[in-house]
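One letter stands for each residue in the lines below.
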Amino acid sequence: KAGVTQTPRYLIKTRGQQVTLSCSPISGHRSVSWYQQTPGQGLQFLFEYFSETQRNKGNFPGRFSGRQFSNSRSEMNVSTLELGDSALYLCASTLGGGYTFGSGTRLTVV
Amino acid sequence: KQEVTQIPAALSVPEGENLVLNCSFTDSAIYNLQWFRQDPGKGLTSLLLIQSSQREQTSGRLNASLDKSSGRSTLYIAASQPGDSATYLCAVKADSWGKLQFGAGTQVVVTP
Chain A
1 KAGVTQTPRY
11 LIKTRGQQVT
21 LSCSPISGHR
31 SVSWYQQTPG
41 QGLQFLFEYF
51 SETQRNKGNF
61 PGRFSGRQFS
71 NSRSEMNVST
81 LELGDSALYL
91 CASTLGGGYT
101 FGSGTRLTVV
Chain B
1 KQEVTQIPAA
11 LSVPEGENLV
21 LNCSFTDSAI
31 YNLQWFRQDP
41 GKGLTSLLLI
51 QSSQREQTSG
61 RLNASLDKSS
71 GRSTLYIAAS
81 QPGDSATYLC
91 AVKADSWGKL
101 QFGAGTQVVV
111 TP
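Protein chains in written order, with my numbering: chain A, 1 to 110; chain B, 1 to 112.
Just so you know, not all the hints are guaranteed correct.
[Said to hold, decoys possible] What follows is a list of derived Cβ distance ranges for each label pair: (1) B:Glu-15 to A:Arg-55: 32 to 38 Å; (2) B:Val-109 to A:Gly-96: 48 to 54 Å; (3) B:Glu-15 to A:Gln-18: 43 to 49 Å; (4) A:Thr-5 to B:Glu-15: 20 to 26 Å; (5) B:Leu-11 to A:Lys-57: 33 to 39 Å; (6) B:Ser-53 to A:Arg-55: 44 to 50 Å.
[What the hints assert, rightly or not] 25 Å max Cα-Cα, derived PhoX-like pairs, lysine-lysine: (7) A:Lys-13 to B:Lys-1; (8) B:Lys-1 to B:Lys-68; (9) A:Lys-13 to B:Lys-68.
Because the hints were derived from the structure by calculation, they are not lab data. Here a beta-carbon is modelled for each residue, glycine too, at the ideal position from N, C-alpha and C.
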């Protein structure tokens, strides 16, 4: 049974650019959540999607956005990148109980 | 607002010793609590999930207890091994569709 797959694993971007990260949930899981992890702030919730609808949103600026497709795959986009956006971005999927996380995308903004 | 605290922030034990990791939360109205392990630079691996109606869950050398009334959960790892070295995180969920609220984690080092 395949787990949660995140691509790419690593990204280096320049300030001001935009980036798109992808997440494929476990087959059958319709809920996908995104988290940002930094050494200073720990794990912070970005947003959650269920059946292509955003159900929950964390306290992040509008530069952070996401979407979910009909096959439950999700993407998150960050526009006008800032140095502080450098982080490990984690995606998780669930059937409604426990969460399964992917390996993450390490984003470095220079 | 739910706050999740994990103390201590770091722990070092010799191989073979039992590990006791603590997690406390301020709002006892939780849906479930999940323990994760994270290796450096990697994603989170789920260890145990405890529903709000449960008092404990066990998997191999791992046992997690939950006391909602006191806002505490404890993860016990028996007979620790160097491979148990990692950061352990607890996370609570307020309702079936809620986000996970994470603690800052406990970094564990098991020395041979």
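Hints not upheld, ascending by number = As far as the earlier hints go, 1, 2, 4, 6, 7 and 9 are violated by this structure, in ascending order.
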